Every structure is written in C-alpha cells, then in structure tokens.
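Asks: Knowing the structure of chain A, use the given hints to seat chain B on it.
Number of protein chains: 2
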Amino acid sequence: MKVVFFDIDDTLLDTSNFAKLAREVAINIMVENGLPLTFDEAYTLLNEIIAQHGSNYDQHFNVLTKTVFGKENPMLIALGMITYHNVKFALLRPFPKTLDVLIHLKTKGYKLAVISNGKTIKQWEKLVRLNLHHFFDEIITSQEVGLDKPNIRIFEQALERMNVKAENSIMVGNKFDVDVLGGINAGMGGILVNSKLSKEEIKKIHLEYDDIVIIDNISELVDYL
Amino acid sequence: MKVVFFDIDDTLLDTSNFAKLAREVAINIMVENGLPLTFDEAYTLLNEIIAQHGSNYDQHFNVLTKTVFGKENPMLIALGMITYHNVKFALLRPFPKTLDVLIHLKTKGYKLAVISNGKTIKQWEKLVRLNLHHFFDEIITSQEVGLDKPNIRIFEQALERMNVKAENSIMVGNKFDVDVLGGINAGMGGILVNSKLSKEEIKKIHLEYDDIVIIDNISELVDYL
Numbered sequence: 001m002k003v004v005f006f007d008i009d010d011t012l013l014d015t016s017n018f019a020k021l022a023r024e025v026a027i028n029i030m031v032e033n034g035l036p037l038t039f040d041e042a043y044t045l046l047n048e049i050i051a052q053h054g055s056n057y058d059q060h061f062n063v064l065t066k067t068v069f070g071k072e073n074p075m076l077i078a079l080g081m082i083t084y085h086n087v088k089f090a091l092l093r094p095f096p097k098t099l100d101v102l103i104h105l106k107t108k109g110y111k112l113a114v115i116s117n118g119k120t121i122k123q124w125e126k127l128v129r130l131n132l133h134h135f136f137d138e139i140i141t142s143q144e145v146g147l148d149k150p151n152i153r154i155f156e157q158a159l160e161r162m163n164v165k166a167e168n169s170i171m172v173g174n175k176f177d178v179d180v181l182g183g184i185n186a187g188m189g190g191i192l193v194n195s196k197l198s199k200e201e202i203k204k205i206h207l208e209y210d211d212i213v214i215i216d217n218i219s220e221l222v223d224y225l
Numbered sequence: 001m002k003v004v005f006f007d008i009d010d011t012l013l014d015t016s017n018f019a020k021l022a023r024e025v026a027i028n029i030m031v032e033n034g035l036p037l038t039f040d041e042a043y044t045l046l047n048e049i050i051a052q053h054g055s056n057y058d059q060h061f062n063v064l065t066k067t068v069f070g071k072e073n074p075m076l077i078a079l080g081m082i083t084y085h086n087v088k089f090a091l092l093r094p095f096p097k098t099l100d101v102l103i104h105l106k107t108k109g110y111k112l113a114v115i116s117n118g119k120t121i122k123q124w125e126k127l128v129r130l131n132l133h134h135f136f137d138e139i140i141t142s143q144e145v146g147l148d149k150p151n152i153r154i155f156e157q158a159l160e161r162m163n164v165k166a167e168n169s170i171m172v173g174n175k176f177d178v179d180v181l182g183g184i185n186a187g188m189g190g191i192l193v194n195s196k197l198s199k200e201e202i203k204k205i206h207l208e209y210d211d212i213v214i215i216d217n218i219s220e221l222v223d224y225l
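Those protein sequence lines, which keep their order, are chains A and B.
Per the working numbering, the very first residue in the first sequence carries number 1; after that it's consecutive.
Per the working numbering, the very first residue in the second sequence carries number 1; after that it's consecutive.
The shape of chain A in the complex, shown without the other chains (with noise of 0.2 Å):
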C-alpha cells in the first residue's frame, strides 16, 4: 500500500492567487465606502499586516482601520470581510488538472492524504466546498499537530495515522522546505510542483537530492505515480 501526502494551498488549490483577488476587490470597497486612502495606500498597508501577523489571522481588516482611525470601524470591517469571503469562495476552485491527478492516483490503488499548515476548521472548509475531501482518507493539519511543518513530528504523526511506512510514501506540495525536504527528512518521498523556482535553484537542489522530483503543472505527477 502506498500513500501519496498532498499540501493543500498553491498544491491543489490556487490559493494565494484567489486570496490575491479577494483582497484587492475588499480594498477597493473599503476606499469606495469610506477608508480615507488610495487603493495602493490601502493595499500596501493591508500586504504589511498580513506579513506581519500571518495569513492564517482572522483580524487583518480590524488592524488596518484601527492603523488608519486610530479605533476599529466594524461597519468597514464588516463589509471588507464579506467581500473578502464572497470573492474567495466564488473563485475557489482546484487547479485545472488537480481532479484527474486524484482519480489517475485512486485508480492506481494510491491512498491519499493531506499534510496542511493551517486550521483544522478552514482546511477541511476548503476541501468540502469543492467536494474534494472524498479523496483523502486523512488530513493532518499544523493545529492539532501543535507543530508546522517542516518539524519532523507533523509527518510522522501523518504516516502513523496513515499506517504507512514512510518509505512506502510520497509528499507532494509547493515548497521546497516546507513540504518537499519536510517529508525527505522523515524518509517520504517528495515531489515539489507549482515552486516558481528559478531554473538555477532548480539545478541546485537536483545536485544536492538526486531523488527529488520537480515538476511545474500538478498534471505531470501521472508521469511519476
């Protein structure tokens, strides 16, 4: 039996890109209803908050009329968060080959998981809207690990509940350290995609691993599983 571990955001969803959009059309409302900055004045802060408290922080608007008026205004928050969400979950979809790379990997007789940093909650959110989530038998997620990935635990904790040997599976995600060299370091397998890598980084890794797989469209994992 083997097991292939997935990351879920920029892996199988694009997700940084949808929050990218949410984020501009949320702004562009705040500034239309009253947040006295330009778009890019507005934008920029908003980037800055976000770098500094993390995208998995649930207050970012809050922050940012609380920097501009110097005390909250809930009716901009407000109308910036249900933007933000309307535009997210409007665009939210996998990316074009995420779908049949997983029934390519079931009919193959893979099992499939997830390995996510992020909340349990919001992660599992993602995958249901999509319907995606009867695909994988488990997601192991940072927050009821405790720990993010690239600490070792968190993989381990994922093979365990997968009752699989870590040779006997693969780690797929974005990042190379993150994700990739994670998993490596719990002796996965690892298969980095959509890594906008330079071709020199690229170069520089295969020297140093040999056995990682780098790929630029989730669609060429059927070459490799």
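Hints are computed from structural coordinates only; laboratory data are not their basis.
There may be inaccurate statements among the hints.
Note: identical chains are not told apart, hence a pair may lie in one copy or across any two.
[Stated by the list, open to error] Derived SDA-like pairs: lysine to any residue, alpha-carbon spacing no greater than 20 Å straight-line:
#1 K175 - A113
#2 K71 - K122
#3 K97 - T15
#4 K122 - T65
#5 K71 - Q143
#6 K108 - H85
Being a predicted model, the structure only gives us computed values, none of them experimental.
Replies: Quick look at chain B alone, frame taken from chain A:
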C-alpha cells in the same frame, strides 16, 4: 432632535426563524454524511448545546460532533458550518415592512441607531449585507460596551453616542425585559414589537406601565412616530 433606537434580531430581521431553518438544513446534511443519529436526535442535541452555550458561541458543531464521537469530526463540522452560513445568508432579509418604516422615520426627521446584544462585527455584517447600515448613525453592541441589555449602562452609552437626552429617544425591540424595560429604566420611551406575548401578559404590562406601546408588526410604528 429625536432618536429611535432599534434592536436588530427579531426586531428588524427575522433572525431566529432564519437561524432555525439554517440549523435544520445543516443537521440534515450532517446526518446524510455520516453523523450517526436520526435527524430528530441530532437536532434536539444541537438545540441543547445552543441553550447551554448561547447562540453567539461559534463552536456548536464542534461540541455536537465531540458529544457524538468522543472527539471532534472536522469534516462534519466544516460541512455543518458551510451549510448553516450559506442557508442563513441566502434567507437573510428584513421583515417585509422594515424598509418602509425606516424610510418613513427618516422622512419624519428622526435619527436612527441600533442597540444590540451581540458581537460588533457580526451585527454590522447583517446590516451591511442588507444595506441597512445607511439608515443608522451608530450601532452600539454589548460586546463593545462590555455589558448586555438590559443593563442601564448600554442605553446610557448609546444616548451619549447619539448626543441625545433620554426623554427625546425611544427604544424599539422584541423583548420586553431586555429591550423595552431596559430603555424605560434609562429614561427612554419604549415600543414592544413582535413580542409573541399572550393577551394576558400584554394586559399585565399595560396595567403596570401605561406608557409602553405594544404592536404586533413593525409597520404599525408609523402610527406612533
């Protein structure tokens, strides 16, 4: 200058009814997707959890699955939450006559504000989704004041925020003790709407408080203001 203060839930919006329908659909979906209870068992359990933790608690489905399985089931929690919110926001609208009444009051020169027991951003969210927030100069919530209605301080703080004397203001709400008596105790006028009290209960109130107006439907406000 006269100010009319409104409660939101079950006064401007049919909140309890929408929430009930949304909970029914959510429980239905959870049972269909593996919650090992009948609909009636699960719905009864959910209502017990809501009674215990209050309707503003945001982990009802977490507690529900933990009670049933001994630990949380994140897939069912996510499914329940998505369904609940989708249905609730699909149904959310003001009582049929709410807009007519708000427009009437504005044309009569009244200033309008909200005094609500609830979370600040969640209450703004309801008004913003319905574009009702344009009618109101201020929303005062129990969360920001740190005290729930009928505590006199929340009414006093609302009067300060609107810069109006109590005798020039009226509190409109669906709960006699919480909204109307609370307002009366702060020196405001009081109008009870949608109370669903029996004729005897209403008679009793009229005997004790001869200045309280009691109406069935928000549309009758126009007869008094």
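Asks: All hints, please: hold or fail.
Replies: The hints, checked one at a time:
With identical chains, the CA atoms of K175 and A113 are at most 20 Å apart within one copy only, with a shortest distance of 17 Å there and 50 Å across copies. In this homomeric assembly, K71 and K122 come within 20 Å of each other (Cα to Cα) only across copies, at 17 Å, whereas the closest approach inside a single copy is 28 Å. Taking CA atoms no more than 20 Å apart as the test, K97 paired with T15 passes inside one copy only; the shortest distance there is 15 Å, against 42 Å between copies. Within a single copy, K122 and T65 get their C-alpha atoms only as close as 24 Å, which misses the 20 Å cut-off; across copies the closest is 16 Å, which meets it.
In this assembly of identical chains, the alpha carbons of K71 and Q143 lie at most 20 Å apart only when taken from different copies (15 Å versus 30 Å within one copy). In the homo-oligomer, the alpha carbons of K108 and H85 never lie at most 20 Å apart, since the shortest distance is 36 Å inside one protomer and 37 Å across protomers.
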